[in-house]
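Peer 1: Residue-level listing of the chains:
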Amino acid sequence: MSVVRCAPYVLLVFVSRIAVAAVAAFPACAIATKAMGGWPQGDAVLFEPGSMMLLELIRLHHVGLEAWLTQALLATVLAVPIGFVTNALLLAALAAPLDTPAGVAARAVSSVRTLAVAWAVFGAALCALACFGYAAVEASRGTSEQSSPTRDLTAMVVVVAGAGVAIAIGVLHDVTRAMIVLGVKQVPTALAASWGCARDRWWPLLAGWWARVAAGLLLVVLELWAMRKVSLLAESGAWVSAVIHGAIMLGLILLRASWLSLAIETARPRASAELTAMRELGVIKDEAIGTATRTGEPGGPSSDPGA
Amino acid sequence: MPAPVASAENAEGPVVERFGSDLDTNDSLPASAVETASYTIRARLDPVAHTVDADGEIAWTNRSATPVQTLFVHAYLNAFKDERSTFLASRLRGGRGSGTLRSPGGLHVRSFVIREFGSLNLWPLAKSADAANPHDQTDLAIDLPRAIVAGETIHVDVEFEALLPQVVERTGYFDTFHMVAQWFPKIARLEPDGTFAHFPYGHLSEFYADFGSYDVTIDVPEGFRVGAVGRRVEDRASAGRHISRYVQNNVHDFAFAAYDRFEELASNNDGVALRCLVPRGYESVGRQELDAAVFGLRVFGRLYGAYPYETLTIVHPPPGAEEAGGMEYPTLITTGGPWYASTHMGIIRSLTLHELAHQYFYGLVATDEHRWPFLDEGLATFAEVEGLDAGWGDSALWSVGWSTGGTDALLRYLGLPSGHDDIIAQPADAFVSWRSYGLLAYARTALLLRTIDRAYEPGAMQRALGRFARRYRFEHPGPSHLLGAVRDTVGAPASRQLATGLFDRGWIDYAISDARCEASVDPPCTVVVTRRGTLTFPVDIVVVAEDGSTHRMQWDGDGRQVALPVAGVAGIVSVVIDPEHRVLIDEDLANNALRMGQPSRAWRVWDRATYALALAAHLVAP
Numbered sequence: 001m002s003v004v005r006c007a008p009y010v011l012l013v014f015v016s017r018i019a020v021a022a023v024a025a026f027p028a029c030a031i032a033t034k035a036m037g038g039w040p041q042g043d044a045v046l047f048e049p050g051s052m053m054l055l056e057l058i059r060l061h062h063v064g065l066e067a068w069l070t071q072a073l074l075a076t077v078l079a080v081p082i083g084f085v086t087n088a089l090l091l092a093a094l095a096a097p098l099d100t101p102a103g104v105a106a107r108a109v110s111s112v113r114t115l116a117v118a119w120a121v122f123g124a125a126l127c128a129l130a131c132f133g134y135a136a137v138e139a140s141r142g143t144s145e146q147s148s149p150t151r152d153l154t155a156m157v158v159v160v161a162g163a164g165v166a167i168a169i170g171v172l173h174d175v176t177r178a179m180i181v182l183g184v185k186q187v188p189t190a191l192a193a194s195w196g197c198a199r200d201r202w203w204p205l206l207a208g209w210w211a212r213v214a215a216g217l218l219l220v221v222l223e224l225w226a227m228r229k230v231s232l233l234a235e236s237g238a239w240v241s242a243v244i245h246g247a248i249m250l251g252l253i254l255l256r257a258s259w260l261s262l263a264i265e266t267a268r269p270r271a272s273a274e275l276t277a278m279r280e281l282g283v284i285k286d287e288a289i290g291t292a293t294r295t296g297e298p299g300g301p302s303s304d305p306g307a
Numbered sequence: 308m309p310a311p312v313a314s315a316e317n318a319e320g321p322v323v324e325r326f327g328s329d330l331d332t333n334d335s336l337p338a339s340a341v342e343t344a345s346y347t348i349r350a351r352l353d354p355v356a357h358t359v360d361a362d363g364e365i366a367w368t369n370r371s372a373t374p375v376q377t378l379f380v381h382a383y384l385n386a387f388k389d390e391r392s393t394f395l396a397s398r399l400r401g402g403r404g405s406g407t408l409r410s411p412g413g414l415h416v417r418s419f420v421i422r423e424f425g426s427l428n429l430w431p432l433a434k435s436a437d438a439a440n441p442h443d444q445t446d447l448a449i450d451l452p453r454a455i456v457a458g459e460t461i462h463v464d465v466e467f468e469a470l471l472p473q474v475v476e477r478t479g480y481f482d483t484f485h486m487v488a489q490w491f492p493k494i495a496r497l498e499p500d501g502t503f504a505h506f507p508y509g510h511l512s513e514f515y516a517d518f519g520s521y522d523v524t525i526d527v528p529e530g531f532r533v534g535a536v537g538r539r540v541e542d543r544a545s546a547g548r549h550i551s552r553y554v555q556n557n558v559h560d561f562a563f564a565a566y567d568r569f570e571e572l573a574s575n576n577d578g579v580a581l582r583c584l585v586p587r588g589y590e591s592v593g594r595q596e597l598d599a600a601v602f603g604l605r606v607f608g609r610l611y612g613a614y615p616y617e618t619l620t621i622v623h624p625p626p627g628a629e630e631a632g633g634m635e636y637p638t639l640i641t642t643g644g645p646w647y648a649s650t651h652m653g654i655i656r657s658l659t660l661h662e663l664a665h666q667y668f669y670g671l672v673a674t675d676e677h678r679w680p681f682l683d684e685g686l687a688t689f690a691e692v693e694g695l696d697a698g699w700g701d702s703a704l705w706s707v708g709w710s711t712g713g714t715d716a717l718l719r720y721l722g723l724p725s726g727h728d729d730i731i732a733q734p735a736d737a738f739v740s741w742r743s744y745g746l747l748a749y750a751r752t753a754l755l756l757r758t759i760d761r762a763y764e765p766g767a768m769q770r771a772l773g774r775f776a777r778r779y780r781f782e783h784p785g786p787s788h789l790l791g792a793v794r795d796t797v798g799a800p801a802s803r804q805l806a807t808g809l810f811d812r813g814w815i816d817y818a819i820s821d822a823r824c825e826a827s828v829d830p831p832c833t834v835v836v837t838r839r840g841t842l843t844f845p846v847d848i849v850v851v852a853e854d855g856s857t858h859r860m861q862w863d864g865d866g867r868q869v870a871l872p873v874a875g876v877a878g879i880v881s882v883v884i885d886p887e888h889r890v891l892i893d894e895d896l897a898n899n900a901l902r903m904g905q906p907s908r909a910w911r912v913w914d915r916a917t918y919a920l921a922l923a924a925h926l927v928a929p
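Protein sequence lines correspond, in order, to chains A and B. Each residue of the first sequence is one higher than the one before, counting from 1 in my numbering. Each residue of the second sequence is one higher than the one before, counting from 308 in my numbering.
Only chain A is shown next, with the shape it has when bound in the complex:
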């Protein structure tokens, strides 16, 4: 229900993501328009079976397309700050679904810096894992550079193990983010609390994460299936395709929001306990505790925790 109540914030994430992607994607559209705009079918020729014209576009305009790809990846990186803001708003809204927009915004603003620090910490952990994983895969291959079932399967075991650790890091990151928006604003404390929470509630967290990731993968596969079915040569093909892609992106963001909601609800008791302990120690003021309980619930604050 939290996700439904937070629909405007889900839409905000969706719209911002699509908008950034659309702007970054536009040069590719311009190149394709220049190259294939003379054909009566327009760019539908690029998606005809056999991919002849698609490869023709790549062959004739690879310089421009490579430049665009670099620019698009850079744009994705540059869009990270936008992602911080929209995600902080979504997390804040999920933490207090009944809160006013001003209250959500205030909570998001108060959390965004800590969320960014946590993102950097977990990002660094993932980078270190990737480096270690690469070294492990290379070591598992031995001295030979050749592929063989034994060597590749050994490497795959290393990759799968690494992916498992990466998933654990990702889940821990999300629980940490939940702790932060619930009011545990110090990264080390949030980390320790989320570790304890993840350790105690690992099964519900993992099951919830897997269920949503599986649903997300299903959506991505559904896109591949649907695009085969959509008649791209028809005039309406482009619009049908756009609607399908939009629906799938929205579905993915909804699943993400649903997962974050689960992470927040799982983290809430622990966050409440942490904040109580911190209050007793005099580390924080009383009002911060309010963030760890649902707004409007008995015993919880009736308004914005920062008010």
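Simulated from the structure, these hints should not be mistaken for laboratory data. Every value quoted in this text rests on a predicted model; they were computed, and no experiment measured them. Glycine residues also receive a C-beta, built at the ideal position from the N, C-alpha and C atoms. Accuracy of the hints is not assured; some may be wrong.
Here are some chain A residues pointing at chain B (derived, C-beta under 8 Å) [stated by the list, open to error]:
id, residue
1, G83
2, M227
3, H245
Given chain A's structure and the hints, the job is docking chain B onto it.
Peer 2: Here is chain B on its own, set in the frame of chain A:
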């Protein structure tokens, strides 16, 4: 070595006789080749020392009209002897065969005695025949005590040891896998005019030899499986050894593979027994190779004449020996590809069909792979893509989600970058790079043939190659014979375009340069079309009128630029030249269409690129 200048005029061979449709059936096929060079060899493999100890007999007949005073013999394993060999000294960067020589190879001939000349061992008299590199020991000339007269047959007793290198290209060992190819002293092909077609082992160059019968007994340690040219007529174990004997007539080479970790798969097609030897763990890939080979035998047999042998052996070299893969020998092909290759990607079937096509184009017609590599690689590539189309259509090369890849896309992608930089029809050692060789001799040749096929009459090029393959089975044809077959089947204009494309760096780019309508003129609308380049093909032009009607016109391609009046049209929406992409070799398809007013915005590209980037952002978003 300076390369001879190639042109349609100096393509070797007499003026080709006219031949007709009676060569379109298997009834026209010759029963057997003229036997010129036959080999009986007993070979014992030592997989630890990587040597093959062998002895045997060569029966060779002078089939020319002139006496032979000097015998030219190829000892190609000497290419791996040291860095001074022509092969190692002149390797080109990139492509295959450019790896390090980790352990040398060589052919040590202990005895080469022509019985008819007494008991004199002639091998010490052998000297390098490579004028450009006297250190090379792969192409050897032996001055004989007396001439071998026309029609005379000599019998040569040979004893030799073949030391296999670690695989660098085509032949050698890796671990316990041994690909034993180009391993025995082999007499060069004697042309009808009495000259030997002899040449050193080269990086790009392959082979050329006379037909004969091979009878080879292979002795390997127990536990090793052997895949070899020909029919296995004997297979037994003896004192810890595994001895098998292979015989085959009407072939011009012999190679075998031996490995103690081969798995064997088998199939059968219309009397042809297929064996597929793959490393353990590659069974799935082996089944794909067998399926593709069975399919290919049916398709190629129908198009190019019945496969005349009883066996086909497929060898998939293990990891580390990839450079032994992708090769063709009579009745034996070597393939490659990763163990996890899926049928969604066409790499396995593509490679298998290509090597199988070589059974016809080089194998059965026995063209000179050194002098005219396009005749084997180009024709095999054409046959390969036609086979892929017949079996897998637009998904021949890949099928992933909504995206499929067909052979047209691949041929254009590979055949056009070379452009008209160099000549297709030139000797292998005249190509300046592996890339140039690959793009021109393989892809551009196939692209040219497919263009001619579609531009004149779909299917006609297949018929032309069918006549060429049947008429010249066992005959060692050259380019002029191919041009003759095309002329008789597709027509003289097609033959001329083929000659231009092969010998004169032919190219073409059709474009719609303009389209306009003026009510005061009759007819009011005109389309300006341009042909750039040196090739000429008839082409269709489709005009979509403002009233929604479609008008199709034809242009024979003559002239550089012409203004074509469009009758019965008051206004034009769009014009397309060659809408069905028949002229597949067209340099630029983007300029083949013109839309009046604003070009159509690429909404689909925008949509998909946006989705892809949004998805990427979703994965890495904070």
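Peer 1: Compare the structure with the hints numbered earlier in the document and write down the numbers of the violated ones, lowest to highest.
Peer 2: none
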